[in-house]
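Engineer: Residues per chain, in single letters:
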Amino acid sequence: MPESRKTSLRAVALQILLALAVAGLVYVASTNAAQKLAKQGIVAGFGFLSRNAGFDISQRLIPYAAATSTYLDAFLVGLCNTLLAAALGIVLATLIGFVVGIARLSPNLLARGLASAYVEAVRNVPLLLQLLVWYVAVRVALPSAEAPASLGGAFVSQRGLALPSPDFSGSAWLVPAAFLAGILAIAMLRRRAGIAAETGRPPVRVWLPGLALTILLPGLAWIGLGLAGHPVVLHWPARGPYDVEGGLPILPEFAALVLGLSTYTAAFIAEIVRAGLSSVARGQGEAASALGLSRSQALRLVVVPQAMRAIVPPLTSQYLNVTKNSSLAVLIGYPDLVHVFMGTVLNQTNQAVEVVAITMAVYLTISLATAFLMNLYNRRVTLVER
Amino acid sequence: MLFCMAPALAQNGPAQGTLAQVKARGHLVCGVSGGVAGFSIPDSQGQWRGLDVDFCRALAAAIFDDPAKVRFIPQSSAARFTALQSGEIDVLSRNTTWTLSRDTAAMNFPVITFYDGQGFLVRKSLNIASVKQLDRATICLQQGTTTELNLADWFRTRGLTYKVVTFANSEQTLGAYESGRCDAYSTDKSSLYGERLKTAHPDEHVILDEAISKEPFAPGIRQGDDPWRDLVAWTHYAMIDAEEAGISQANVEEMRRSALSPDVKRILGLEGKYGEGLGLTTDWAYRIIRHVGNYGDSFERNVGAQTPLKIPRGLNALWNQGGLQYGPPIR
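Chains as they are written, first to last, in the working numbering: chain C, 1 to 386; chain Z, 1001 to 1331.
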């Protein structure tokens, strides 16, 4: 038998042995777990999800009531809260991150210094501490519940922010529909602008008319409904016996989590943006200004588009971090998925294996979906050679 | 080092009775919470103190005539039942509520040592006397316990509403309450007295009299060990009966010399051989009172009016003084 064949045989045998050992370990562990669960009288399976939950949750984006809702509903409430915090965190972190990243390369000394200080301070302190600081700061700095500050119909106190909320049931659904139409108009304008640029027709303006439409259309719908005798009803927050009630409440826990997540992640995004901008050859910016473009035009039209292909891949992993880090919410009392499901539901039902498995699957799914979308976007911004 | 190895060395379940095992080992192993003021917490000298601790010391006193022959192992609320079932501890004396599901899940609760209930800590400035006045208030809770369920049930069945904020541990919950995030902090009343002490100005807060749930605290033992069950139950009854008969740690020696009442004589082992039925000596109850005291002694020393906690006797007063503590006769 030739020597190389012998080695490859040995390698295969070793791998089979290893696979068997792993399978054996998994088998022993799972039978052990099954036995112990049976001993404690815990029925394995997902039947518990349809049982009545019986506890209340502070922030609910979907209908939920302790008396009638199930553990599955509680799970969905937690999931929606996680998605909301993560989505808002991603948007804000991106905005702050791009501004700070660009400021770090600014010729203005003050802007550059402030941006550097921000990045170094925020990036080097653990997120957990920052969340706690934000949460305490929100509670300490704001007026007490007995004496909330009033801001034109809205109230702010250490119990959170209470905004007037429009009632979009009935014919008032036309207002959000008009808003969506505005967004659609932007998409169509962008398409036309793209075609115009490729075919050399006169350029089409996108953002100014688009944004005007998204504001104008809902405004017209609002006024029109009022004239037609079906005015949009606003629910105003009002002071109750203990604190402000009604309207659209924004809890301090939510505010602290979103602020903490977005400012923390923004520091990393700023560095990614700075690195991306620096990766674009200096001559590009100089050529742009030689053509008479202003600094902001040069950035927007020449440098940033080329930098994006260096920015997007590391940006994706920051977005994944936001979602995963949002589970630190458990420490400041924000009812995210981990808080509600791995905390209360697990404790009430003792279905540890199922609950942990579901939670892990959810984070995996969210992360894979985010990565998938970002990869699609990345394909659009990568260098296309002509 | 030994402490860490204890679980591994412990026998897996009782082959012989727990009492025989304890006697052979030379000390009792007692599971406690390890962090609840007045119930079980080490003092500045590292000595364990508290009502739950005293109960185990009373057991040790009855068995060995030495209240020091106990090893205390702090148990988290998640690990406590496993520790008992695996044989790591002989008795679980850890503010554990006796419920049907726990009783049927491979453990026993021989006797109720402390009657508790879910209560509310509020600011005095709110001028609240009843829980019903908390309608529409914001309430802070620690998550993952029955307190969440009790609260939802209680408010719903009375047609009242409330807002809830839940936290993973008691420090965060108290912090949120104290900073004004919530109007009330709800958990077992016995814990609220300790929590109140941790606030910056304890006298600005008050614990409402009302309780919205029944939380009978009972020591837990393994199922199927009747002699041990008897001993655990009667250790508590001896402390109750002694208080009712007026025998305290302070006067027990004198009572023993000059007792005339047959009740007192039977408790102190001067008449009859009642301890032998428990597998102990006849002076078993005398040992308990001498080393640990009667129930009132232990209560006043650990949580009573003279302590910082100032928990009123309430339901834990003797049955003939308006409470629920009632010991069957020793005879």
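What the hints contain is simulated information worked out from the structure, not anything from laboratory work. A few of these clues could be false.
[Said to hold, decoys possible] Facing chain C, a subset of chain Z residues (Cβ under 8 Å, in silico):
hint: 1; residue: Phe1064
hint: 2; residue: Glu1148
hint: 3; residue: Ala1168
[Unchecked claim] Some chain Z residues flagged as far from chain C (calculated, every beta-carbon gap over 10 Å):
hint: 4; residue: Ser1044
hint: 5; residue: Arg1071
hint: 6; residue: Gly1117
hint: 7; residue: Asp1135
hint: 8; residue: Arg1136
hint: 9; residue: Gly1144
hint: 10; residue: Ala1152
hint: 11; residue: Asp1153
hint: 12; residue: Arg1156
hint: 13; residue: Lys1163
hint: 14; residue: Phe1167
hint: 15; residue: Ala1176
hint: 16; residue: Gly1180
hint: 17; residue: Gly1272
hint: 18; residue: Ala1305
hint: 19; residue: Gln1306
Each residue gets a CB set at the ideal place from its N, CA and C atoms; glycine is no exception.
Engineer: So, Glu1148(Z) near chain C? Judge it on the closest CB pair being under 8 Å.
Structural biologist: With Cβ-Cβ at 4 Å, under 8 Å, it holds.
Engineer: Far enough from chain C: is every CB of that chain over 10 Å from the CB of Ala1152(Z)?
Structural biologist: At roughly 4 Å from the nearest Cβ of chain C, Ala1152(Z) sits no farther out than 10 Å, so the non-interface label is violated.
Engineer: Over 10 Å to the closest beta carbon of chain C is the bar; see if Asp1153(Z) clears it.
Structural biologist: violated (7 Å)
Engineer: Quick one: work out the minimum CB distance from Phe1167(Z) to chain C and report holds if it exceeds 10 Å, violated otherwise.
Structural biologist: Phe1167(Z) not clear of chain C: closest Cβ-Cβ about 5 Å, inside 10 Å.
Engineer: The output says Asp1135(Z) does not contact chain C. Does that hold with a beta carbon cutoff of 10 Å?
Structural biologist: Answer for Asp1135(Z): violated, closest chain C Cβ roughly 8 Å.
Engineer: Against chain C, does Ser1044(Z) keep a CB gap of more than 10 Å to every residue?
Structural biologist: Non-interface label on Ser1044(Z) holds, nearest chain C Cβ at 29 Å vs cutoff 10 Å.
Engineer: When you look at the beta carbon of Arg1156(Z), is every beta carbon of chain C farther off than 10 Å?
Structural biologist: violated (6 Å)
Engineer: So is Gly1272(Z) really clear of chain C, every C-beta pair being over 10 Å apart?
Structural biologist: holds (42 Å)
Engineer: Please verify that hint: Phe1064(Z), Cβ, nearest Cβ of chain C, below 8 Å or not.
Structural biologist: This hint is violated: Phe1064(Z) lies away from chain C, its Cβ roughly 33 Å from the closest one there, beyond 8 Å.
Engineer: Report holds or violated for the interface hint on Ala1168(Z), using the least CB-CB distance to chain C and a cut-off of 8 Å.
Structural biologist: holds (5 Å)
Engineer: Just want to verify: Ala1305(Z) was marked as not at the interface with chain C; is every Cβ pair farther apart than 10 Å?
Structural biologist: holds (32 Å)
Engineer: Quick check for students: does the CB of Lys1163(Z) sit more than 10 Å from each CB in chain C?
Structural biologist: violated (7 Å)
When each numbered hint is compared with the structure, violations occur for hints 1, 7, 8, 9, 10, 11, 12, 13, 14, 15, 16.
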